[in-house]
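Colleague: With these hints in hand, go ahead and build the complete structure from the sequences.
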Amino acid sequence: MKRGVAPLLWIFGVIFALIPLVFDYQHERLANPAASWISVVLHGELLLVALAILGDAIARACVSDDNRLRRAILALGSFLVACLVINEAVQIREAVERFPQLDLGSYLAARIASDSLWGFGFAVILSLATLVVVED
Amino acid sequence: MSQFVALAGGISALTAIIVWAMAVADPKRKQLIWVSMTAGNQEIRVLIPRTSALIIVAKLRRTNRQSMEEPQRVAVS
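Protein sequences, first through last, are from chains A and B. First residue of the first sequence: 1, per this note's numbering; consecutive thereafter. First residue of the second sequence: 1, per this note's numbering; consecutive thereafter.
Just so you know, the hints here were simulated from the structure itself, not pulled from any lab data. Treat the hints loosely; a few may be bogus.
Claimed, not checked - Anything over 10 angstroms on all C-beta distances counts as not near chain A; from chain B, calculated:
| no. | residue |
| --- | --- |
| 1 | L14 |
| 2 | I56 |
| 3 | V57 |
What the hints assert, rightly or not - Partner residues aside, some chain B positions facing chain A, computed with beta carbon under 8 angstroms:
| no. | residue |
| --- | --- |
| 4 | V5 |
| 5 | G9 |
| 6 | V19 |
| 7 | A23 |
| 8 | V24 |
| 9 | T63 |
Unchecked claim - A short, non-exhaustive set of chain B residues, derived as facing chain A with CB atoms under 8 angstroms:
| no. | residue |
| --- | --- |
| 10 | S2 |
| 11 | F4 |
| 12 | L7 |
| 13 | A8 |
| 14 | T15 |
| 15 | I18 |
| 16 | W20 |
| 17 | M22 |
| 18 | D26 |
| 19 | I48 |
Backbone N, C-alpha and C fix where the C-beta goes; we use that ideal spot for every residue, glycine too.
Modeller: Next comes the structure, spelled out in structure tokens:
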């Protein structure tokens, strides 16, 4: 594959995985015109995409024929971040299940949304770094 | 940001920096290359990123073609 094509394909795949969230946002807006993007990421979908991206990074690091130490660092880093993302998703799930009548339009909702967004951003950075180093 | 997400950020940044530094320093990848420039009796050897080296070498070769003076020798190793 030509150099630089793999990261572009990867970015396309991530954007493609985020398309359902756009439809979800449209759906929320139809039901409630005042709905914001926060309501879309409240259920942890963004963390699910982040986990898929990290799984891809771990697999790439494991099967590539790059330097062994570099592969081990990448796989371990991705695995640790994946564990933390799972922990975050479980915490969101627990909060929503334990307090079904919780007013999620408050401070907690903003915090969950911000954490999801940060978690997704960190997963993207680490996976892209893995891709660039392993595929280069 | 919760402490777990902050920890994830720290691990991501640390991993990316370590791996990038290892990749750049790896002699097999030739991300950094020695460029030696000789003009007269003077020789300068500098370690620079491969992309910059290629641009500099291309520019020097173009300058040498246009110049009527004694050409400089540029070697990339």
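Colleague: Against this structure, judge whether each hint is valid.
Modeller: Hint by hint, here is what the structure shows:
{"no.": "1", "hint": "L14", "result": "7 angstroms, violated"}
{"no.": "2", "hint": "I56", "result": "21 angstroms, holds"}
{"no.": "3", "hint": "V57", "result": "20 angstroms, holds"}
{"no.": "4", "hint": "V5", "result": "5 angstroms, holds"}
{"no.": "5", "hint": "G9", "result": "5 angstroms, holds"}
{"no.": "6", "hint": "V19", "result": "5 angstroms, holds"}
{"no.": "7", "hint": "A23", "result": "5 angstroms, holds"}
{"no.": "8", "hint": "V24", "result": "10 angstroms, violated"}
{"no.": "9", "hint": "T63", "result": "28 angstroms, violated"}
{"no.": "10", "hint": "S2", "result": "5 angstroms, holds"}
{"no.": "11", "hint": "F4", "result": "5 angstroms, holds"}
{"no.": "12", "hint": "L7", "result": "6 angstroms, holds"}
{"no.": "13", "hint": "A8", "result": "4 angstroms, holds"}
{"no.": "14", "hint": "T15", "result": "3 angstroms, holds"}
{"no.": "15", "hint": "I18", "result": "6 angstroms, holds"}
{"no.": "16", "hint": "W20", "result": "7 angstroms, holds"}
{"no.": "17", "hint": "M22", "result": "5 angstroms, holds"}
{"no.": "18", "hint": "D26", "result": "7 angstroms, holds"}
{"no.": "19", "hint": "I48", "result": "18 angstroms, violated"}
Hints 1, 8, 9 and 19 from the earlier list are contradicted by this structure; the remaining hints agree with it.
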